[in-house]
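Fit chain B to the supplied structure of chain A, relying on the hints for placement.
Number of protein chains: 2
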Amino acid sequence: MRNVAVVGVGQTKFGEHWDKSIRDMIIEAGLAAVRDAKIERGDVQSLFIGCMSSGRYAGQEHLGALAADSLGMRVPATRFEGACASGSLAFRNAYVDVASGRHDCAIVIGAEKMTDVKGPEAITSLAAAGDQEWEAAIGLTFAGLYALMARKHMNDFGTTREQLAMVSVNNHKNGVANKNAQFRMPISVDDVLKSSIVADPLRLLDCSPITDGAAALVIMSENLAKKAANPVWILGSGQGSDTIALHDRASFTEMAATRTAAKEALSEAKININDLNMIEVHDCFSINEIIALEDLGFCEKGKGGRFVEDGNIDINGKIPVNTTGGLKAGGHPVGATGVRQAIDIVRQLRGDSCNQLKNPLYGMNLNVGGSGATAVVNIFGREMKQ
Amino acid sequence: MRNVAVVGVGQTKFGEHWDKSIRDMIIEAGLAAVRDAKIERGDVQSLFIGCMSSGRYAGQEHLGALAADSLGMRVPATRFEGACASGSLAFRNAYVDVASGRHDCAIVIGAEKMTDVKGPEAITSLAAAGDQEWEAAIGLTFAGLYALMARKHMNDFGTTREQLAMVSVNNHKNGVANKNAQFRMPISVDDVLKSSIVADPLRLLDCSPITDGAAALVIMSENLAKKAANPVWILGSGQGSDTIALHDRASFTEMAATRTAAKEALSEAKININDLNMIEVHDCFSINEIIALEDLGFCEKGKGGRFVEDGNIDINGKIPVNTTGGLKAGGHPVGATGVRQAIDIVRQLRGDSCNQLKNPLYGMNLNVGGSGATAVVNIFGREMKQ
Numbered sequence: 135m136r137n138v139a140v141v142g143v144g145q146t147k148f149g150e151h152w153d154k155s156i157r158d159m160i161i162e163a164g165l166a167a168v169r170d171a172k173i174e175r176g177d178v179q180s181l182f183i184g185c186m187s188s189g190r191y192a193g194q195e196h197l198g199a200l201a202a203d204s205l206g207m208r209v210p211a212t213r214f215e216g217a218c219a220s221g222s223l224a225f226r227n228a229y230v231d232v233a234s235g236r237h238d239c240a241i242v243i244g245a246e247k248m249t250d251v252k253g254p255e256a257i258t259s260l261a262a263a264g265d266q267e268w269e270a271a272i273g274l275t276f277a278g279l280y281a282l283m284a285r286k287h288m289n290d291f292g293t294t295r296e297q298l299a300m301v302s303v304n305n306h307k308n309g310v311a312n313k314n315a316q317f318r319m320p321i322s323v324d325d326v327l328k329s330s331i332v333a334d335p336l337r338l339l340d341c342s343p344i345t346d347g348a349a350a351l352v353i354m355s356e357n358l359a360k361k362a363a364n365p366v367w368i369l370g371s372g373q374g375s376d377t378i379a380l381h382d383r384a385s386f387t388e389m390a391a392t393r394t395a396a397k398e399a400l401s402e403a404k405i406n407i408n409d410l411n412m413i414e415v416h417d418c419f420s421i422n423e424i425i426a427l428e429d430l431g432f433c434e435k436g437k438g439g440r441f442v443e444d445g446n447i448d449i450n451g452k453i454p455v456n457t458t459g460g461l462k463a464g465g466h467p468v469g470a471t472g473v474r475q476a477i478d479i480v481r482q483l484r485g486d487s488c489n490q491l492k493n494p495l496y497g498m499n500l501n502v503g504g505s506g507a508t509a510v511v512n513i514f515g516r517e518m519k520q
Numbered sequence: 135m136r137n138v139a140v141v142g143v144g145q146t147k148f149g150e151h152w153d154k155s156i157r158d159m160i161i162e163a164g165l166a167a168v169r170d171a172k173i174e175r176g177d178v179q180s181l182f183i184g185c186m187s188s189g190r191y192a193g194q195e196h197l198g199a200l201a202a203d204s205l206g207m208r209v210p211a212t213r214f215e216g217a218c219a220s221g222s223l224a225f226r227n228a229y230v231d232v233a234s235g236r237h238d239c240a241i242v243i244g245a246e247k248m249t250d251v252k253g254p255e256a257i258t259s260l261a262a263a264g265d266q267e268w269e270a271a272i273g274l275t276f277a278g279l280y281a282l283m284a285r286k287h288m289n290d291f292g293t294t295r296e297q298l299a300m301v302s303v304n305n306h307k308n309g310v311a312n313k314n315a316q317f318r319m320p321i322s323v324d325d326v327l328k329s330s331i332v333a334d335p336l337r338l339l340d341c342s343p344i345t346d347g348a349a350a351l352v353i354m355s356e357n358l359a360k361k362a363a364n365p366v367w368i369l370g371s372g373q374g375s376d377t378i379a380l381h382d383r384a385s386f387t388e389m390a391a392t393r394t395a396a397k398e399a400l401s402e403a404k405i406n407i408n409d410l411n412m413i414e415v416h417d418c419f420s421i422n423e424i425i426a427l428e429d430l431g432f433c434e435k436g437k438g439g440r441f442v443e444d445g446n447i448d449i450n451g452k453i454p455v456n457t458t459g460g461l462k463a464g465g466h467p468v469g470a471t472g473v474r475q476a477i478d479i480v481r482q483l484r485g486d487s488c489n490q491l492k493n494p495l496y497g498m499n500l501n502v503g504g505s506g507a508t509a510v511v512n513i514f515g516r517e518m519k520q
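Protein chains in written order, with our numbering: chain A, 135 to 520; chain B, 135 to 520.
If you're looking for bench data, these hints aren't it; they were derived computationally from the structure. The model shown is predicted, which means the values in this text are computed figures rather than measured ones. From the three backbone atoms N, C-alpha and C, an ideal C-beta is built for every residue, glycine too. Wrong hints could be hidden among the right ones.
[What the hints assert, rightly or not] Some but not every residue of chain A turned toward chain B, in silico, with C-beta under 7 Å:
#, residue
1, G193
2, P210
3, E255
4, Q520
[Unchecked claim] Far from chain B by the CB rule (all over 10 Å, computed), these chain A residues:
#, residue
5, K313
6, I321
7, E517
Looking at chain A on its own, in the form it has when it is part of the complex (with noise of 0.2 Å):
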């Protein structure tokens, strides 16, 4: 297997884009991303696309060809889902083609239009990522999935409504910098715990919002990608499965996908978790960000809502997580969210982010489908694997 690097990256804002069609989203993003790796389209030799439900949000499946033909390249186009990490399924599997030596050049595009449908219709959409005959067709919607961890992690920690609290705040102060997040606004602890409850415990201000977007990126094997201005290696990448309805599992909080996802990835980026120096982690909900920091092994199962109280994620805390908004205050286009992610982790590490961290070497983003029967997760380095 050949080195791979990330050479150039592209995206929407992520927002309400009510004047925009998903052809419209993945043409601006995969552009972008084009003329940041200062390639031509030629150049492009495989596409491969993540997106959820193309099908009920838009009318439209058949998205890998979509988008080749909108964009202008006649090359081999494939779709992948995966729920909420359709996008880093779509990224893994660039990965393995370009490191498999199958292709060179190859483009990642992560699309979802979400604002075309009714409201409850887009909720009853999202839904189909769990188990429909056992949760979704009870009522069961995935606020409402989140809400049953969030009461049993309290329950069983002793996490308190103010530590969620923390994690919208955190993640939305990261965001005001960042112009292509949706809601760029600074929330206080209080703001959240005085938002309209969606699912109890959860309020508005722990949900990551309905949103429109496309994110895109070039990667290239090694002997191109020498010669790129400025590449990320790809380093690893891991993924893993777990039951599809929440009832089935050994425990609602933790996700062994994301164990399983981050042990394949570590491994083969032969670098430990405490090497990295700033993640991106799936915070559709602020519980599973708590979860997240626990799985990853950052702190011990339990203590993850005292691992945020404590100033840890902070931007310059011992991890900065989710440093230009996570999917809360960025905006949770769902297809779109892995790239976004690995988008977001490449501009730290070649130094052009919103909150640049100082020279960072090593970074991590975890995308989980449902409620985490699916997990992907993908490393980057600044220097290559030798």
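Then chain B, alone, in the frame of chain A:
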């Protein structure tokens, strides 16, 4: 890249399964493939599933996780979508996964449950494989798209209505012996000509049906597969793209994506088109089988109708086509079709097919997505590639 073989196959009967969910069908096909491979579920290391539109047909996305969970396989699981070519995209990516050394044993599944929605909704959902904004929105269904191709083919090349009918006649003849086929009755040219018009010139018996079904196969790397009872080797794989909308093409009577995919697959397999002993092609509508025979190079462009009329595609002809009934008689659960095609080639090559050919060495399948925006070709052989 390592050699890879198919070592086990399984499927549900194709048809209208009012008593089975998409989950039930995935379990039935998946476990049948595992049993046929004479392995344990725990031997499978990764899962690839192709499905076009379970979100719309079954209210269920996140199908990789659902399949892995339902089959009791806690392995990385990914869904692939490329309209009616979804099954072959899953197959192709599984092949790369094992060939590249990432995993040693993978399961490939294709599934679609289409009959749980009302008739018009099934057609609208299928139209999502075309260009939603420029085709589906103005009422252009898939029968309509292929009718345009048929009319143009008849106009430009003198292809006759009877020759189109002969495609369906041959597929139905081959389907009689196939216990998994949706329709097992022979039909005559006259039956086709007298069936009701769907989209002129295409009639009901030119069109593949709406079908429920799942198909699965197990693949292994060379070192493991050598010990299997009856491995069939994957010799090559190719994937091509074209514009998603038919009106953007230079020609209505040829599929550039097919030519691209076949060229890549043949080159990797290091064989010529005339080395093949049988093929499975994508006869979603009768005209598409004629176009496929031309684009694959079995006859000149425009001569496909005559090629069929001369008996070349019969089970005893120059190149037996769709020896188990194809999409027309066998049924077309869209996401499952590519995997079913692979299964039927494997069974011919290992010698346990209905309508068994005498010692075939090489087989190929062509799986087409939409009106030709995606095409995947896979080539199989009884002997390993050297």
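Okay, the hints, checked on the actual structure:
1. G193: It holds, given that the least Cβ distance between G193 (chain A) and chain B is near 5 Å, below 7 Å.
2. P210: P210 (chain A) check passes; min Cβ-Cβ to chain B is 4 Å, inside 7 Å.
3. E255: With a closest approach of 12 Å, the E255 (chain A) hint is violated.
4. Q520: Given a least distance of 19 Å, the restraint on Q520 (chain A) is violated.
5. K313: 29 Å, holds
6. I321: Non-interface label on I321 (chain A) holds, nearest chain B Cβ at 31 Å vs cutoff 10 Å.
7. E517: Check passes; 23 Å lies beyond 10 Å.
Of the numbered hints stated above, those contradicted by the structure are hints 3 and 4, listed in ascending order.
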